[in-house]
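Number of protein chains: 2
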Amino acid sequence: MSNFDFTILKTSKKSLARRGIIRTPHGNIETPAFIPVGTQATVKGLTPEELESLDVQIIFANTYHLFLRPGEKIIKDLGGLHQFMHWNHPIITDSGGFQVFSLGAGLEQGVGKIASIFPEERLMQAPNSKFQIPNSTKSNRIKITEEGVEFKSHIDGKKILLTPEKSIQIQKDLGADLILAFDECTSPLADYKYTKKSMERTHRWAIKSLETFKNQKSKIKSQNDKLKCKNKQEIYGIIQGGAYKDLREKSAQFIGKLPFFGMAIGGSLGKSKKDMHQILDWTLPLLPEKRPRHLLGIGGIEDIIESIKQGIDTFDCAMPTRIARTGAFLTKKGRLNIFNSRYQSDKNPIEKECRCYTCQNYSRAYLRHLFWAKEMLGPRLATIHNLYFMSRLMKTIRENI
Amino acid sequence: MSNFDFTILKTSKKSLARRGIIRTPHGNIETPAFIPVGTQATVKGLTPEELESLDVQIIFANTYHLFLRPGEKIIKDLGGLHQFMHWNHPIITDSGGFQVFSLGAGLEQGVGKIASIFPEERLMQAPNSKFQIPNSTKSNRIKITEEGVEFKSHIDGKKILLTPEKSIQIQKDLGADLILAFDECTSPLADYKYTKKSMERTHRWAIKSLETFKNQKSKIKSQNDKLKCKNKQEIYGIIQGGAYKDLREKSAQFIGKLPFFGMAIGGSLGKSKKDMHQILDWTLPLLPEKRPRHLLGIGGIEDIIESIKQGIDTFDCAMPTRIARTGAFLTKKGRLNIFNSRYQSDKNPIEKECRCYTCQNYSRAYLRHLFWAKEMLGPRLATIHNLYFMSRLMKTIRENI
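Same order as they appear, the protein sequences are chains D and V. Position 203 of the first sequence, counting from 1, maps to 203 under the numbering used here, and the rest follow consecutively. Position 246 of the second sequence, counting from 1, maps to 246 under the numbering used here, and the rest follow consecutively.
Because the hints were derived from the structure by calculation, they are not lab data. Please read all numbers here as calculations on a predicted model, not as lab measurements. Think of the CB as a built atom: it goes at the ideal place given N, C-alpha and C, for glycine as much as any other residue. Misleading hints may appear alongside valid ones.
Said to hold, decoys possible - List of simulated lysine-lysine pairs, DSS-like, C-alpha gap at most 25 Å:
#1 V/374 / D/152
#2 V/76 / D/374
#3 D/374 / V/152
As the list claims (entries may be wrong) - Partial chain V-side listing against chain D, Cβ under 7 Å, derived:
#4 40
#5 345
#6 369
#7 375
Claimed, not checked - Quick list of the computed label-pair ranges, beta carbon to beta carbon:
#8 V/141 / D/272: 52 to 58 Å
#9 V/141 / D/399: 57 to 63 Å
#10 V/333 / D/28: 42 to 48 Å
#11 D/52 / V/146: 55 to 61 Å
#12 D/335 / V/52: 28 to 34 Å
#13 V/342 / D/253: 51 to 57 Å
#14 D/28 / V/52: 32 to 38 Å
#15 D/159 / V/154: 43 to 49 Å
#16 D/25 / V/7: 53 to 59 Å
#17 D/150 / V/160: 54 to 60 Å
#18 V/342 / D/335: 43 to 49 Å
#19 V/399 / D/49: 29 to 35 Å
#20 D/399 / V/25: 42 to 48 Å
Let the sequences and hints guide you as you build the complete structure.
Printed below as a string of structure tokens:
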């Protein structure tokens, strides 16, 4: 029996939401789940023990970043990601495909996964952004061919080629429990023609990713090896197709038929939240019901609540940890900006009913002081609060399905 | 009976070292003790619970910084420093007098408490430093008169006047257990004439500091108030006199005769470590034996070991936490610079025998990765190791007296 399994425990009577459990060799993930991002094998300033205490079940690490620094071979030598970073719970790695977008069109056009509607949600700010609609994601930074993607390293400018085969090899070396097929995340500004061409290539890459994953699996010398190897990792396919109905449907059907453990929704999610939910409406009903569904890079509170109703099981997003570092605390009443002068002498915690370490021990006045004084403890305490907020939100959602 | 007390438990047979215990309303301090610096009401990135786990007994906060931001009135409103920062153990605050030096002559001449011998120990790097010997600490940044010191705030450039009376009032509002008399810390480059003039003024400020401290004590309306007030804080006098024997002797005798709870050695400590120990040799024998002796701003390992042999009880220094943020780990074999390429794939902890959280859970390779990737967890784990190293060192020293 595999170490991996997805069980749907309950489905909602009011929506398509489902409550389930993903089993991995490093533990179980109760779904729906939010996955904090630990790009560089660390979740911004927190120790693994703190993540545990915040009920974080699984973290998301970035293959592209770890491939460049410190390099997947070093991590493999050190015993893999779990041992390297001292986190003994599940990990998922992306394929590097998202960086094709974020370091190419995303950076040049100044957009995120949803086109230019939520400036604060953008991945990066592109100072020369013109917001014109290009007919491709051609980029000086990135060259995409049938073989793969040629990047310039953001660290030293060195040219690197990422292919489906290479991405899977790196992810094998990193050793996360769940890994992703290599894809191209197209820009929300890409036209139909380019999005179609890119999607078809992503489908060919999906097959190559699977083949590489399975070939490596079959390099076994004994029954023990087989079991050990078989049970170590599982792979998700990625659905692309931009904001185009027929492309999303085609991609859902194509990826859904392949023997992936789970399905991830990637790529551009249109120009608004409405578009995003429309895209999920086209896509999710066509996916195999019994496999877990991940929505890549989305983590706004409302987005999560709505997407769960449409049948999404897991989410990853840097938002809660990223905004924490800017002094923004998640609360039931929206974001609280701790720099605001109204908190100068405020003895209250961020949220009175919150049971997190930060709210149990510190006043808004002290947190404001830490942020104004640029003290490291500020971002750390904000990250603790925001991740606890997300865990609490997901727990409530699970209990209500 | 006072809440404050200093007991010498044992004196060394081989040196002037003594082992003792300082009692304060927030707990006891076993001496000799090292006091980590928490300038802005936080010890760089660590929570109070972590400091406790590292056997930190007391922390040192800076009056000048807290006066400017968030302001002592806000801290008082929030219940004082202990409650503000959620640290329920002893705290000592300085008087702001050290900033007279560090933001004036220290900054302009590019020197620390010991003149220009250990560049990495310098408070700040002065790019235009000429290292010429000035005949005073006259400065464009700072104006010193009999009344006090006029600063320009390093935050907003606003002019502020710090006097002995003001310094004590601020320290009363902050509410640390131990506070310091207001002084001028002269530059190691100041000449005899200026150092003498400054020391005599510091002596007058010492009396004003004591008077302000005691006057406030006497503003009592009932026996209960008296007790409460009497037991809340105690004050240390500061000995100046630069590297001049007769001035140090005069200052030791003058401050030693005043009814201070403890004695701190401040000011310039000459041009070398040898000078520093010479100065301590002149000074310490003239101080009242039964009061605690603090050496301000010194915390190098060898300096601590030698100064304890001369009779120092407590030390404060930003070194262990400051170098931690630059990737330097304290070890029995000296400083380990984690950026070094030799640690790229090093599976070992910083020190095999170390029982700190960092050494128990992380490899040098991972720590190096965190520092190269500029991840917050790196400085935090280094700070944990370095403070644990200091606690362990002091414990060993105490056991060997």
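Which hint numbers does the structure go against, in order from smallest to largest? Of the numbered hints, all hold.
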